[in-house]
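Student: Sequence:
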Amino acid sequence: MSEGRRRFDPAGPVTGIFFLALAGIFLADGLSGGDAVEAAVMVPVVLIGLGVVGTVRVLTRSRRRRLR
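Each residue of the sequence shown is one higher than the one before, starting from 1118 at the first, in our numbering.
Because the hints were derived from the structure by calculation, they are not lab data. There may be inaccurate statements among the hints.
Said to hold, decoys possible - Computed Cβ-Cβ distance ranges for the label pairs, DEER-style:
hint, residue 1, residue 2, range
1, Gly1133, Ala1157, 23 to 33 Å
2, Gly1171, Phe1125, 11 to 21 Å
3, Asp1152, Arg1124, 17 to 27 Å
4, Ala1156, Ile1134, 18 to 28 Å
5, Phe1125, Asp1152, 12 to 22 Å
6, Leu1148, Val1175, 30 to 40 Å
Small disclaimer: the values here were computed from a predicted structure and weren't measured. The beta-carbon is built from N, C-alpha and C at its ideal position, and this holds for glycine as well.
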């Protein structure tokens, strides 16, 4: 294995930030006693976020293979 310069892979941090934000919304919803975000808003946000995370992972797939 060559000792080349390791490149930054954004897939992990993007996924982590998305799920941390999602966890914060659910925590705020649970602690507030009411609806912090309505389900009609939350479902599309989750689906769009998962789409963005999936897109980043697909676009950086070749970079992840080279890091191994």
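Student: Enumerate the violated hints, using their earlier numbering and listing them in ascending order.
Tutor: 3, 5
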